[in-house]
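Chemist: Spelled out from the first residue to the last, the chains are:
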Amino acid sequence: MKSYQEISLDGLWHNNPALVQLLGLCPLLAVTGSVVNALGLGIASILVLVGSNLSVSLIRNYVPEQVRLPAFVMIIASFVTCTELLMQAFTYELYQILGIFIPLIVTNCVILGRADAFASKNPVLPSVVDGLMMGLGFTVVLVLLGAMRELIGQGTLFENMQLLFGPMAENWKIVVFDDYSFLFAILPPGAFVGMGLLIAVKNIVDKQLKDRAEKHKDDQPKEKVDRRVRVTG
Amino acid sequence: MAFIRVSSPHLHRPLSTHQVMRYVILATLPGLAALTWIFGWGSLINVILASAFGLVFEALVLMARKRNPVPALKDNSALLTCVLLGLALPPLAPFWLVLTGSFVAIVIAKQLYGGLGNNPFNPAMVAYALLLISFPVEMTQWVMPAEMLNGNTVSLSASLQAVFTGHQQVADAFTMATPLDGFKHKGELMADEYWRLDAFAAEKVWGGWAFASVGFMVGGLFLLWKKIFTWHIPVAMLGSLTLLSAMFYGSDPSNYASPMVHLFSGATMLGAFFIATDPVTAATSNKGKLWFGAGIGVLIYVIRTWGNYPDAVAFSVLLMNFAAPFIDYYTQPRSFGHKKARKGIKHDA
Numbered sequence: 001m002k003s004y005q006e007i008s009l010d011g012l013w014h015n016n017p018a019l020v021q022l023l024g025l026c027p028l029l030a031v032t033g034s035v036v037n038a039l040g041l042g043i044a045s046i047l048v049l050v051g052s053n054l055s056v057s058l059i060r061n062y063v064p065e066q067v068r069l070p071a072f073v074m075i076i077a078s079f080v081t082c083t084e085l086l087m088q089a090f091t092y093e094l095y096q097i098l099g100i101f102i103p104l105i106v107t108n109c110v111i112l113g114r115a116d117a118f119a120s121k122n123p124v125l126p127s128v129v130d131g132l133m134m135g136l137g138f139t140v141v142l143v144l145l146g147a148m149r150e151l152i153g154q155g156t157l158f159e160n161m162q163l164l165f166g167p168m169a170e171n172w173k174i175v176v177f178d179d180y181s182f183l184f185a186i187l188p189p190g191a192f193v194g195m196g197l198l199i200a201v202k203n204i205v206d207k208q209l210k211d212r213a214e215k216h217k218d219d220q221p222k223e224k225v226d227r228r229v230r231v232t233g
Numbered sequence: 001m002a003f004i005r006v007s008s009p010h011l012h013r014p015l016s017t018h019q020v021m022r023y024v025i026l027a028t029l030p031g032l033a034a035l036t037w038i039f040g041w042g043s044l045i046n047v048i049l050a051s052a053f054g055l056v057f058e059a060l061v062l063m064a065r066k067r068n069p070v071p072a073l074k075d076n077s078a079l080l081t082c083v084l085l086g087l088a089l090p091p092l093a094p095f096w097l098v099l100t101g102s103f104v105a106i107v108i109a110k111q112l113y114g115g116l117g118n119n120p121f122n123p124a125m126v127a128y129a130l131l132l133i134s135f136p137v138e139m140t141q142w143v144m145p146a147e148m149l150n151g152n153t154v155s156l157s158a159s160l161q162a163v164f165t166g167h168q169q170v171a172d173a174f175t176m177a178t179p180l181d182g183f184k185h186k187g188e189l190m191a192d193e194y195w196r197l198d199a200f201a202a203e204k205v206w207g208g209w210a211f212a213s214v215g216f217m218v219g220g221l222f223l224l225w226k227k228i229f230t231w232h233i234p235v236a237m238l239g240s241l242t243l244l245s246a247m248f249y250g251s252d253p254s255n256y257a258s259p260m261v262h263l264f265s266g267a268t269m270l271g272a273f274f275i276a277t278d279p280v281t282a283a284t285s286n287k288g289k290l291w292f293g294a295g296i297g298v299l300i301y302v303i304r305t306w307g308n309y310p311d312a313v314a315f316s317v318l319l320m321n322f323a324a325p326f327i328d329y330y331t332q333p334r335s336f337g338h339k340k341a342r343k344g345i346k347h348d349a
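Top line first, the protein sequences correspond to chains S and H.
Numbered by our numbering, the letters in the first sequence go through residues 1 to 233 in order.
Numbered by our numbering, the letters in the second sequence go through residues 1 to 349 in order.
So that you can see chain H by itself, here it is in the shape it has in the complex (with noise of 0.2 Å):
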């Protein structure tokens, strides 16, 4: 009988909030590099466009709000969410575009409701939506991947031509819409005629999404991995949207798209490890993230095959933050000792 002696101490200090996001930021790396190798140097340019950004407005406004700037920057958290900003935009976007959304993700969204930790509203995706409706048409156009242009991804100068100075000339010439916003438009083609069909090259693209996604989901099973993040979201999050999607698959494959697709194209991966687990805004309990993650599958679901987005993991993520302290509240926890967790309004509690 031989006990193994670990020598004392056994405690171990849990993860400071700099080193936590330092390594969400570094598992968006196998997704930012899948990207930069389907879609050129766009998204590698729109992160470190952002960052730079989102750091200079955090600077300022801390300042502005008459508080030490150098414990926030240091802390990590503007840049993460510059970062996330940065690789949601699509690739090539008008610099201008990025400017706006850092402002707005950090200023906005973070800064003005208090800072880390009291931002009701993931300030990535706030910032994300408001350049959704506010410039369609720059925000729908996605890069061709590689495969499109013959092997070459778009030159680096031309793509800070293109992001710098005259955005339309040179990026029309390389975007085109995304899978799910063809699909979306396939107007009367059964479903088997959009993928095969020459003009929309549908399979090629989806081929690259699907390996950008891949990326994001390595880096994100690290993160659950290094315990940074429990499983409950990523998992109630995809289930719900791989049962919805399996359910009107099932029933119409002409007219729905598979399980497969929903899962591996636009922002799945990304949403679902790396911004729908923003702790600050999510609901807290393991309970209530199962209802948080699967709310937003099926919102997403929703509104990619009956509403006026391609994609919704921008607006399916804020709806969900809405209702965080909701779920939050009917999903206390039982206390040790206690019996019946409290539900609701109890005159008699």
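The following block holds chain S by itself, in its conformation from the complex (with noise of 0.2 Å):
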């Protein structure tokens, strides 16, 4: 079984559900126009895939392997159902502007790959863990991208983070571009691009990552030469 340093890092790295797996791309590319809507989703998605693995995970023994999915996708509804009321109980704007996303939770194929893939599979504390390190590593990444969108399409960070945090939150607006809009950048095909840069970041690194590994390798002292065993007569 993995450790929990490897499920962690699987999340928010190599496995990442959206700069690798891909999934989830509805949300993703829908409502990141600014960060605090980006945020918004991320903590909900975050809920219902810790919510759900846990859950699954405990069923997991009693479940038959023929109705496992529809017996998942009620747990993950439950959950969305939950999420949807606590966002309008206590951020009830923010719930307004996402608007139809917070339901669609349902559909991002994160949530139900992780269900069956891990939590299916696992005990309870490392699902738990998967769910929350794969939730976080949606969660940074959409973030970012709203970040990116926010701060070329409108010039500002922050805005209207007290949608999510209340009144203290009202000044955190950083203001970077005085009197800007490239309308690009927060129209649709804005994400596109933009998840495209990522994605191409995050491949730079790795590579660079790979190359230091094979440098590193090379230069350890090679304790055992191998030889060509003769086999034959």
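Since the hints were derived computationally from the structure, they do not count as laboratory data.
It cannot be assumed that every hint is accurate.
Computed list of lysine-lysine pairs in DSS-like fashion (alpha-carbon distance at most 27 Å, straight line) [what the hints assert, rightly or not]:
(1) 210(S) x 66(H)
(2) 74(H) x 215(S)
(3) 202(S) x 66(H)
Make one complex out of these two single chains by using the hints.
Modeler: Structural data, given as structure tokens:
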């Protein structure tokens, strides 16, 4: 079984749901117009992911193989409904902005994917950690993309954060470029271009890490020298 | 019986890339001259600015890709892209608009896809479409033709001032909506009322546009004569646009623009001869080119008439660029000796 460190690294980097698995692209591209939208949806997704992974892992030995997917979908749908009601209660304006994308978390492939691929085969605690780390990985990409698009699109950062954090966040807004607008970044095509650039950056970092690791391997003295063993008579 | 004797060798060399590009750039000159004649220095400034920015971006991005920038700069392809972009942008566009457009065209639409020959979309049109949806105000104001400014176009110094400094103050005095834009927003007016009303001065303005369109057509016919491209795409595109507009104009002339207006305003001629014929992003076979061109013509008419934007060449070309691989797949020519061209996926083949 994987260690917790491996699970975390997988969720955050090596198997990042947004950058590597390319799951949940629909909300990812649709709501990342600003940091607050992205963060709101990210937190909602984390809640659902952790909850569904926990429950699926608990019932994994009792649900027959044949009906597991309907059962998982029911569980996920219940958690999404809870999250939706919570958002209505505490962050009503943000709930209105995100609109249909909150109920649509049900169809986010990351959640069903982790439930089926991980939680249904692993004990409770690793499943919760997996859900948390996958959710965090997804949220980090959401927020990065949201920040990029908000900055390039309207020249601000952290606008309207009070929708999520209450009145204390009212003056968090940073105006980087005054009186500026580049509509393209806010519109859907900007999301696709931004996403492509993020994936490209990840690939560059991965390549450099790999190159460095290989360089390191050469530095170490070779203790074992491979010898061809004569196998024929 | 006299045979004409031509001494050997009889073979001739196909044109190299930079020669083709040079011909196409030369062929834009009549259109550029007409635009400058009618609308003043704006288009010329656009073309020069876009070319300068474009070449710098091309060199920078090639160096970043660890390629030698010299051969790519010499093949004139970046220059052509930027010339076309400069022609498409409204005169007196602020310089940052041209800068953004050149960056998008060269860096994003061309080099990030792998450079010349690998870009699936026409770079100049990607840049134009991006600017149009990002900066609708700056992109839909076109300079008045000389006739409306008492025969004088905007002076060179005023043009430069408009481009580099306070764009709005200078430009607002000299700009108005294009005839296509005006026609789209004519509201309850009948078509002939619109053309006659002094407030729009639509006929005068359209005269200027038609003159520039003829300029582009002359350049395009020169390229056709030089066999830089075949007749299929321009003919199919202009043909389908004429046919559709004639059908609707014939059924209701008071609400639809005539085929002449559609053919000789906006970017129709520029698009038909210089943009849709880009060999990299168009369909390949002759039959495919006919479909490709016809699709552009239909889309132009549909978007112009029922869409949100007054002109539609950029969007139509981009949409058909998407479709080009698909068209190629279904229009593979029959190779000699084979019975039938393969169409679609066949398992027994």
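Chemist: Which of the numbered hints are not met once you compare them with the structure shown?
Modeler: Going through the list in order, the structure violates hint 2 alone and respects the others.
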